[in-house]
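Peer 1: Spelled out from the first residue to the last, the chains are:
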Amino acid sequence: MDSIVSAASVIAAGLAVGLAAIGPGIGQGSAAANAVEGIARQPEVEGKIRGTLLLSLAFMESLTIYGLVVALSLLFANPYVG
Amino acid sequence: MYQNSLIDFNPYNSLSAVEVGKHLYWKIGSLQLHGQVFIVSWLVIATLLTLSFLGTRNLQRIPEKFQNFMEFILEFLQDIAKNQIGEHEYRPWVPYIATLFLFILGCNWAGALIPWKLIHLPEGELAAPTNDINTTVALSLLTSLAYFYAGLSKKGLGYFARYIQPTPVLLPINILEDFTKPLSLSFRLFGNVLADELVVSVFTLLIPILIPLPVMILGLFASSIQALIFSTLSAAYIGEAMEGHGEE
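The listed protein sequences correspond, in order, to chains A and B. The first sequence maps to residues 1 to 82 in the UniProt record's numbering. The second sequence maps to residues 1 to 248 in the UniProt record's numbering.
With the rest of the complex left out, here is chain A:
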């Protein structure tokens, strides 16, 4: 039973991070595309656009980080193993 739980945890950890990276990846690409278009349209507000872009990227990144936290807790702090 222990090895099944371990195997399942490892698969779950891999899936957690892998799937969690899809959505924010698409979102961040879309945000960056619109930011670049904004800069191209009005180059003098590049500083503000860059600041807003970085802030938004960090928000989206945190969604992937949630998946990573789940994966880490499955690997290193698993309540069902041992």
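Source of the hints: derived by calculation from the structure; they are not laboratory data. In this text the structure is predicted, and so the values were computed from the model without any measurement. All C-beta atoms in this analysis are idealised placements derived from N, C-alpha and C, irrespective of residue type, glycine included. Each statement offered as a hint is correct.
Facing chain A, according to a computed beta carbon distance under 8 Å, are these residues of chain B, among others:
(1) V20
(2) G21
(3) S184
(4) F187
(5) R188
(6) G191
(7) N192
(8) L194
(9) A195
(10) I225
(11) I229
We have chain A; now place chain B onto it with these hints.
Peer 2: Just chain B now, kept in the frame of chain A:
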């Protein structure tokens, strides 16, 4: 347990290893504290206090070099609070927002830049205090407390009318928000710092020369952004609690 299999594959297992979750425990009565978090936190607090003290001695109308630098930082922090909370009410909250930003930035950068390996602890190792979920949860609960206090002190018990605006159908979502706000704040900061430390340590385990450097620089950048995000979001929650729905 998985660390053992990593050590078996690694021919250099006498030189390096990765471990997660080992702490230096201090016992006070029946409570256990994570000693390594306290040690680095005290160091960061002492550094911040020393810098503030040195920056405010001999204040002059036209600031000199160090005072100028401190005023630049202060303006930056005041800007964060002013943009989120609003022109009229941001002044009392600048100390809290500024302390959050400086403490989190200090912790993250101290964990990444200072060679802690030189100090050998009996168990666990010194690293950024924010790589411990307890630290980040404590900071986000402080923010929770802060925005409750802001709302209650400004509107009294009328603050709770906020839960049924704009429509009462959103009541469960608004209540849930009170739990997800500190949860997301804490997990964002904790996940970023721990993930950066783990990536750097695994890279160092595999290829100790030169390759971990870009990842460490990325970690410095990402952790400073996270400090900014934490303080900006805290200010945004405080501003949102103090103002009515739909005002700007």
